[in-house]
Amino acid sequence: MALLKKSSIWIAFLVALLGLPLLFDSILAISILNQMAIGIVFALSYNMLLGQGGMLSFGHAVYFGLGGFLSVHALMLIEYETMVFSILWIPLIGGLFGLLAGIFIGSFSTRKAGTVFAMISLGIGELIAASSLIFSSFFGGEAGISGDRTFGPTFFGFDFAQNIEIYYVAAVWAFIATLFTWLFTQTPAGRMANAVRDNPERAEFIGYSSRKVRFISFCASGMFAGIAGGLFALNYEFITEENLNAATSGRVLLMAYIGGLGYFIGPIIGAVVLTLMNSLLSNYSELWMLYLGIMFLLTVMFLPRGFAGFIMMHQVAWVRGNMKMLIKPYIITGIPALLFTACAIVLIEMSHTDDEVFHYLGLALNPASPITWIVILAIAGGAFYATKRSLIQLNDAWETANAIPKEEEA
Amino acid sequence: MAILSLIDVKKSFGITEIIRGVSLDIVEGEKHAIIGPNGAGKSTLFHLISGRYNVSAGSIHFKEQQIENKPPYEIARMGLARSFQVTNIFQRMSVFENIRCALFWSKGYGYSFWHLLGKQTELNDEAMHVLEQIGLADRAKFPSGELAYAELRALELGVAIASGSELIMLDEPVAGMSHSEAQNAVELIRKITEGKTLIMVEHDMNIVFDVADRISVLVYGEIIATDEPKNIRANSKVQEAYLGEVPSA
Chain A
1 MALLKKSSIW IAFLVALLGL PLLFDSILAI SILNQMAIGI VFALSYNMLL
51 GQGGMLSFGH AVYFGLGGFL SVHALMLIEY ETMVFSILWI PLIGGLFGLL
101 AGIFIGSFST RKAGTVFAMI SLGIGELIAA SSLIFSSFFG GEAGISGDRT
151 FGPTFFGFDF AQNIEIYYVA AVWAFIATLF TWLFTQTPAG RMANAVRDNP
201 ERAEFIGYSS RKVRFISFCA SGMFAGIAGG LFALNYEFIT EENLNAATSG
251 RVLLMAYIGG LGYFIGPIIG AVVLTLMNSL LSNYSELWML YLGIMFLLTV
301 MFLPRGFAGF IMMHQVAWVR GNMKMLIKPY IITGIPALLF TACAIVLIEM
351 SHTDDEVFHY LGLALNPASP ITWIVILAIA GGAFYATKRS LIQLNDAWET
401 ANAIPKEEEA
Chain B
1 MAILSLIDVK KSFGITEIIR GVSLDIVEGE KHAIIGPNGA GKSTLFHLIS
51 GRYNVSAGSI HFKEQQIENK PPYEIARMGL ARSFQVTNIF QRMSVFENIR
101 CALFWSKGYG YSFWHLLGKQ TELNDEAMHV LEQIGLADRA KFPSGELAYA
151 ELRALELGVA IASGSELIML DEPVAGMSHS EAQNAVELIR KITEGKTLIM
201 VEHDMNIVFD VADRISVLVY GEIIATDEPK NIRANSKVQE AYLGEVPSA
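So the sequence lines, in the order shown, correspond to chains A and B.
Residue numbering for the first sequence follows the working numbering, beginning at 1 and increasing consecutively.
Residue numbering for the second sequence follows the working numbering, beginning at 1 and increasing consecutively.
Some hints could be false.
[What the hints assert, rightly or not] Where chain B lies over chain A, by a calculated footprint (3+ residues, C-beta under 8 Å): (1) 181 to 192; (2) 209 to 217.
[Claimed, not checked] Some residues of chain A that are not near chain B, with every Cβ distance over 12 Å (derived): (3) Ser146; (4) Phe155; (5) Val273; (6) Leu326; (7) Tyr360; (8) Ala368; (9) Thr372.
What the hints contain is simulated information worked out from the structure, not anything from laboratory work.
These numbers come from a predicted model, not from an experiment.
Every residue, glycine too, gets a C-beta built ideally from N, C-alpha and C.
My request is simple: use the sequences and hints to build the entire structure.
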């Protein structure tokens, strides 16, 4: 019974992973779900470095990409019948090569944390990305390399031609990877990673080489990034230089950061949010990258512990049963804040558009007319002022909801 | 028998010589205090013994093995533990986690990533036991970075002694404490170092004369006297170095 209670969250996670395609079964939805599964594994592997181990990496895509390239090569081996095995094991090949790359690069890059580590990771990232364009027999140059996942032996009749079939493979792997990254945090090596993150010097005085502790986390992180790369290879059946360059490294940093580095669930939230923004927002606006950047800035400035940190902030109020005190102030602040956001978006989009009539929220606006601009600016100004005013009330409500009850104080 | 011997140890930073030839034997089981004016090199000496700094010359033996210039983790594994003058803990982890981490190596877990901590009953009980000893049992789940000052110092002590090392080095363990807090801390130090060797740097002379079996006086990087407390009090060189501060205590 205790075991059931402990594992209930994991069962719920597995059910959610496997059940989602039943609720969202369009081609787009399955494609998004696939990206989410890949993103979750990749972001969790990144958090092993930065959140758990205090290593800021600007080159984490290297392990993702190398895992992915090797996985596509493995797909080719299957295709040409050099070696025949089920494609279910492809992520394991990605993981193995991510691990090997981690062992090799980690052997010198984990000597120091902080700026030294960050700079080395940046250098290695650029080096591998540049090499991938030079060594085109292995990396396929700018076009990358492609494989075909349908040649392997079928699994209970499935040949994995459909994206939904690959999703279930990805979901199971994502579950396994999540479980193992979590279990890692529950081991001596995982806890010492936290200790070295907090205070590498003191860790040495309780018998641990900070460097070796970092090295272990680094290798594990490389392995899980490689698994994510293998899932990518299975999903897209091709991989290019783009998948191991700085842009991909930046994206995984964003996922982990926006989700919340200090919490295990943070990168999962980050991967889900960013994948959604990436796939859905890009349908609506060419400027989605700009919005992503603004969101990252706002997160860093106002929610340094990410979305997960924002949720966890409410723990005290929740435990004290004071959540209802916060609902009304949240709504009162939320309405003008949303209005301001909407105005800001329309102003940004209007300055970008070439159309004579700009359609937005059922309105037909004329971007050429100064009146449109003045009116929207006025609304934005009013909404901003209203948000600022209501924030004061929200702050008061927050104080009351989190205050120590009288009887506890005495 | 000497558990720790320093033989003509020297340390320079650039051209500045901080430790100018220190020789010292620490007898197994004794409580040894190192005193001296500010800037005499007491903390530097601690750093040299515990491996944080490399020596410029001379040698250090712990349990008859050379330890100078070894990395701190190797010295710690041999059974030499230390605390720091400025609290130096794992601030984002809980109080319990701090102590448990300090236990890993001596309990033989090494760099294991295959033991699940939830199942290590003996280890977890031992960590709780240490917390009870240092009076922080009710703070087990508290984030250690948010402890009150005296509690932080107790945790600092706990992290140092948790592994059960034979030689414990405490760098100003009661600095910054109120009188009553310091009294409690001294009781605690007595309790947890029972049957072990203790080397302590401390400014509070009441505590030094109360706790120490022997005292060494370090002045400008040299030990000018090592003796029992009552002889140190009467030593004219010491009185000179302290300008009459010591005997007043």
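Structure-based check of each hint:
1. 181 to 192: holds (count 9)
2. 209 to 217: holds (count 4)
3. Ser146: Ser146 (chain A) clear of chain B: closest Cβ-Cβ about 36 Å, beyond 12 Å.
4. Phe155: holds, 30 Å
5. Val273: holds, 24 Å
6. Leu326: Fine: 23 Å to the nearest Cβ keeps Leu326 (chain A) off the interface.
7. Tyr360: At roughly 45 Å from the nearest Cβ of chain B, Tyr360 (chain A) sits farther out than 12 Å, so the non-interface label holds.
8. Ala368: holds, 54 Å
9. Thr372: holds, 50 Å
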